[in-house]
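All chains should be modelled from the sequences, with the hints used to inform the complete structure.
Here's the letter readout for the chains.
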Amino acid sequence: MNRKTIISIVVVVILIAGGIFAVKRARKKDASTPVAKKYAIVVSTFKPQIKPVTLSLPYLAIAKNDKDVTLTSRISARVDYIKASGSKVKKGDVIAKLDDTSIRSNINSVKSGIEAAKVALKNLEATHKRTLDLIAVKGASIEQSEMEESNIAALQSKIETLNQNLSELNNALTYAVILSPVDGRLSKTWVNAGDVSMPGRPIASLNAKNGFYLLVRVPTDLNIYGVRYNQKQYNAIKLNSTFNSLAEYKVYVDATGLMSGDRIEVNVEVFKGDGLMLPFDAILNRNGKSYVLVKEGDKAVAQEVSLIQSGEEGAVVANTQLEGNELVVAKQDILLKLLGGISIQVNKD
Amino acid sequence: MFNYFYKRPYTLYALITGFFILGIVALVTLPKNLFPDANPPEVIVITAIPGATSQVAANTVSKPIEQEIARLGEVTDISSINVANFSIVKADFSYKKSLNAAAVDVANALSIAKAKLPPGTNPAIYTAGDFTLPVDVISMSPKNDNISLGDIRKMADSFMKPHLLSNPDIGNVEVFGGYQSSINVDVDPFKAKRYGINFDLIAKALNTLNRDMPIGFVKGDNSFYTITFYGEKDEVEKIKHIMVLPNVMLGNIADVSWKYKKRTAGYIGNGKPAIALSIQRSPGGSVLDVSNAARAEMKKLKAKYPNIRFEISDTQRDLIQLSNANMLSALRDAILYTLIVVLFFLGNFRAIIAAGLSIPMVFFSTMAVIWLSGGELNIVVYTAIILALGMLTDDAVVVLENVERHLNELKEDLETAIQKGTKEVIAPIFAGTLSTIAILFPLMFVGGFPQKIFKPLISTLIIALLISFFLSITFIPSLLKVLYKNGTGKTKIELWFDKVYQKSMGRLVEPYVSVIKFSNTKRRLLRRTLLTVGVLLILIISVKSIMPTIGKDAMPPMDTGIIKAQIGFSSNETVNSAEIKIEPFLKWLRKQPWAVRSSVAFGTEAGVLSLGSGNLPSEASITINCVDRFHRKQTMWQLESLIRDKLSHMEGLKRDDVFDFGATPLSSIKAPLDIRLKSPVVDGLAKKSHLVEKAIQDVNGLTSVSTSWDKDFTEIVLDINENKALSYGVTPYQIASQIPVKGQVIGLNADLQSMKTQFVRLYMKGKFSQNIQSLRLLPIQTKFGEIPLASIAKIKKQLTFAKIERDKLLYSVDVNGYRNKRPITHITDAAANALKKVKGLDDVVITQEGSIATINDSFNRMTKAIGLGIIILLMALIAIYKSVRMALIMIVVLPLSMIGAAWGMLLFHKPSCMPSLLGILLLFGIIIKNAVLLIDFYQMHRESGEAPFDSAVESVRIRFRPVMMTAFGTIAGMVPIALEQAVGLERLSPLADVAIGGLLIGTLLTLIFVPMYAYIVDTKDKKKLKVVTKEVN
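Residue numbers (the working numbering), protein chains in the order written: chain A, 1 to 349; chain B, 10001 to 11033.
I should point out that these hints are in silico values taken from the structure, not numbers from a laboratory. Predicted model only: the values in this text are computed from it and were never measured. The beta carbon of each residue, even a glycine, is placed where N, CA and C say it ideally should be. It is possible that part of the hints are untrue.
[Unchecked claim] Here chain B is said to cover these stretches of chain A; the calculated rule only asks that three of the stretch's residues, wherever they fall, bring their Cβ under 8 Å from a Cβ of chain B:
#	region
1	19-25
2	329-339
[As the list claims (entries may be wrong)] For lysine-lysine, the following BS3-like pairs were computed, each having C-alpha atoms within a straight-line distance of at most 25 Å:
#	chain 1	residue 1	chain 2	residue 2
3	B	K10688	A	K337
4	B	K10646	A	K37
5	B	K10096	B	K10808
6	B	K10646	A	K337
Set out below in structure tokens:
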């Protein structure tokens, strides 16, 4: 074999070797292309602690007032004067004046009746004394004496009755001038000057300035610890009564300027005490159960929790052993995704 | 033709100059694009259904519309995206249908479907395609506190948009970014009930305002409470004073306020919250013209509104201008390399001058023809011109060489030499040109995606070839008159080049000749069989081992510097919270030297297709424009990895996909890997998509995996205790109607079909979870007084669908995978294998909807085109050479060049793709020219009486130099493409890689096997010849 053949064979061998190498290298490169990175999901975490917690729910309470009063008339009379509605009144102010002439005339007639009766009684008593003297000398009959005694008794009772009438009339007289029993505002007048008032018919409504309380009605299975109104905390008094199977509570607030029947936004405290409170974004709801995700290393492990109570601020759970654990805080779908084993990374900010 | 023009030099030069000038005008005024428009026509139907959940939208609106559209002709795909309040139905048509015809058909289908839609819904039709991509996005943000984003939005809607639209150069303008002003009427149901007012009364009262019917107001018994409609601040007072009943004003029972409409969309341009003006071109319009007009208008706007900052946050302009500039310099380089090759092989300055002059002529004349026929300039057209270069120098040189031969060897005078010399070669030059055209021709009509991309290339190539043929037989001869005026003497330099050639390439002739001789010595049959089988074996082994290794792609990925990202936070986030979360990332981005601009679009706005469009408020599409690849160190894929990592640091991020612009060949393909699960029911799809997602997580080559939607939107369900409710004398229906108080609830959905509805769904904004608690004690009016909600209903949270997609009339969910550069077929096969191991997917239909669909279709078409091309070529050759055998020999050599093509692809690390298939076609076209030259010469010698073997040897000897020059000239022209010297050429470089590899090996093999088979099969006249020689002897 001459040189040319050797050269050509060597060239051929090099080419073949090079070719095989190129193909193998390309295949290796293809097989070693990296796979998609599995990124950790960035979440925030929260370390719950057992400490005093107050949970509250917003509620529209109805403002009511103990001291609101509707003044009615006891007498039937013409209304001479009634204070304008909307005026401020103090305790003892005159609200309305009713026509009391008939009462006064009645009083006078009763008075004169009493006088007359008194005179009659005096005379009777004098007569009876003389009769008793006569009986002592056997000048009068016992029957007469007894009749006089019964007449005297009858007259005494008549006087008594008339006295009672008088005091009643005097009492009725008081109703002719209606005074305000409390400080407040005359919210409504039911009659006008010139109207005739009837017993039992309301004359004026007074909304007292103080003495407001809030009426709170909640389901019977919800315990209330108090109410927050205007950034202040007030106790709630359980009335032990129900309205439409709702428990009623009264909350005295020292507020002025409310109006009866108004709806007031308050926060009803549904939990107060020491407990482990979690933000809502830390709790995953799934198939009717609640879970939290505890951070262990760079993964999250689900743990079932039982909720004691929840309010606007968060939820209190019974699992006090979670204290100090780092819990993952994220939206529901992110929490769900983490259950699949994706690694987590805590947001440093 | 030669004679005609030769005798009329003035006509000739006038014609050439005319086209030259037209060409210069064309170069300046032709519309420029990156790639040809390849997206099929698409029609989108958007219907707003206030208050509907995604499920309601899918069932009541999308389904009927889809069914009607399915009956239309030429529909290739129907899909829909359903989110709360919107149904977006998309219909893709085949290329054969024009956009207008498609829109008309869809409008007709809708008019039939309308009867089945819920009353009051108004579907709107939009057309989409390549023109939907914004040309420029102008981002407007406040410069100071004097103006707010709401004000800017108002100005954009009322003044800027109409003004821009009135400019005839601008196609369409879309405004995006939220902050639409609106008037909110929040009715307090307690107050309303106190006065005994129901909602019909309110609606009637509002109608007295004499406005359009308010939007966002669903009329009917016990429905929504928030009435929203567009309006101005000063209208609020007027509205408050509307009388609803005598003595009751609307202001008494409702809060009337001027606010921004609840934000479902947001935009951040270059890191600043802004309102975006997205400028689009009309279908078929020129990107650069529109961009110029838009920027001129922006200048005017800047002057008019000094308080607003105007910036460009996204643009196509830079890419197109850059790539066009790159292509021109690539062209220049190609010309240079080709001329150097000519110099080396011929050592003839005259040839350089002839070639050098004819190149610009061909270039500008081709430009002129493109301009006259209404085409555009893009990378594909430029590539065609570069490819044509190698071939056209050929023609000029062949003429010149032959004329020189007549002058030197035949000692003719100049005139005769030119005339005779030219006429002799007209036939072969034409034959060669015709052969190349014949093989390329069928590709112009192959249909589908390949036709859209390659028709401009082939047509430009054909035009250039024809013009080059024309010039070589008209212009060149006239030129030669001047060049050879002083004889054919060569300068010293030329002689030196000649010597260099002789000492290098020239020496290779002998080995070739000896191989041919080898095949003719003893044991001919064995040797010939050895040679033939040997080369066939190499071919089969090469193809079989290389093709599976390199995989297939539609078009290889390109580094344009435009990076896209698709991110998503929890579906329960709002636009506001998401915008806050992305701030640190954008701050970091601004500091990077490689980032030029950024555009972030959250959510969806009705009627806007270029930004958002199908995103939930917590999802965003991000576009980052980087510095072009010539001016930065990192590759785009490295930058993508960097960005992906940085994005993953955002809290609560669920989806982090970062990929290149143009990652998929068509915009209707959502991701390079897209596994679609379809089912007639929507339940269970989300779960199965997670199984698939997990399975493909470990496929090599993927950069990220995500699903398109999920059951992840939290809603509150009220489980009303019907007995308890009825004991209070209130129906669940009445309870539902009382629920929104003080504007916290933004939507309400109840099963309105039965009065005994138990479940009521609520959607709430703001501090979501706290609000559930605030509902518990909500007072509900009953006959017996007020009771809190918690006493008659349980409030539960559950997850539902924020978005539901449908495809081909079934519910569908996509599992998407993005990649860097690993070939699509490898990724798709690996994914399919991974899927086989997943259990539980039996009742869903699983299809591969990624780029693989386009690949399979395109490869089919192109293979058919190649086959057809070869057949047509065969016919043409038979006709030209009047011999079936010769024609067959020339064709048979073609597959041998595939050896070089395959190795070329492997060594350049390119996958098999459409450009490589085209490269194979071109390769065949060039090889055939060489074969033509050989056979032509062979036949000439045979006719003059020589024996077949001797003719074969002679043809190799004489034709070696020109054949080598053709091959290397073409290779030289393709070097700039192979080196990817322009942005975007990464997609076409496989063409050059295939051609270069194939030409090197193919030319080698052509010079051996064509002559060899020519003389082997040429049996006629052998005996006759022997007799003659014997006689002579």
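Hint check:
1. 19-25: holds (count 3)
2. 329-339: Holds: 7 residues of the region 329-339 of chain A have a Cβ under 8 Å from chain B.
3. B/K10688 <-> A/K337: holds, 14 Å
4. B/K10646 <-> A/K37: Distance of about 13 Å is within 25 Å: holds.
5. B/K10096 <-> B/K10808: OK: B/K10096 and B/K10808 at ~20 Å, within 25 Å.
6. B/K10646 <-> A/K337: Distance ~21 Å between B/K10646 and A/K337 Cα, so the pair holds.
Figure legend: structure checked against the earlier numbered hints; every hint is met.
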